[in-house]
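> Sequence:
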Amino acid sequence: MVGLFSYPKRHLKKLIKDGEYAEALDFGKNLESKFSKDSDFLFIMGSIYYVLEDAKKAIPYFERALEIDSNDVETLILKTNAHLSLQQRDDAIDCCKKILKIQPDNFEAHGLLEKLENI
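At position 29 of the sequence shown the residue is numbered 34 (the numbering used here), and the sequence of numbers has no breaks.
These are calculated hints, taken from the structure and not from any lab test.
Computed from a predicted structure; not experimentally measured.
Cβ coordinates follow ideal geometry from the N, Cα and C atoms, glycine included.
Dumping the calculated DSS-like pairs for lysine-lysine here, alpha-carbon to alpha-carbon at most 27 angstroms:
(1) 62 x 18
(2) 106 x 61
(3) 42 x 106
(4) 34 x 18
(5) 22 x 42
(6) 14 x 62
(7) 19 x 61
(8) 42 x 19
(9) 61 x 34
(10) 62 x 22
Listed next, with one range per pair, are the computed distances between beta-carbon atoms:
(11) 26 x 109: 28 to 38 angstroms
(12) 59 x 94: 14 to 24 angstroms
(13) 94 x 28: 32 to 42 angstroms
(14) 27 x 110: 37 to 47 angstroms
(15) 25 x 123: 39 to 49 angstroms
(16) 105 x 68: 17 to 27 angstroms
(17) 99 x 57: 21 to 31 angstroms
Given these sequences and hints, build the entire structure.
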């Protein structure tokens with residue numbers, strides 16, 4: 006049981022891997038004060054909310070993660086998808102542009118940006 010407390014993010018990831026999203030969310034909320042400046046933790050929490058189809062709650066986690074590491078393309082991609090699920094076209098376009106600044110050859114971001122700008 007010592008490992009659980011020594012490596013709480015590892016336990017959080019295991020819960021997610023096992024499909025225990027509600028339990029992972031509860032566990033993560035208890036860790037939040039300790040990991041509030043950890044972009045990986047914030048990404049994980051945002052991802053849990055996104056998987057649970059609560060994009061509105063996911064976005065602030067992605068934004069906090071990006072404040073710590075603004076070049077995290079994986080976080081930007083999920084944030085883009087969260088904005089799309091909430092029909093926030095302009096925010097999704099902004100995310101695509103940020104992705105392309107970091108990875109100019111990102112095929113998915115190019116395609117999505119082109120599609121969104123032509124709506």
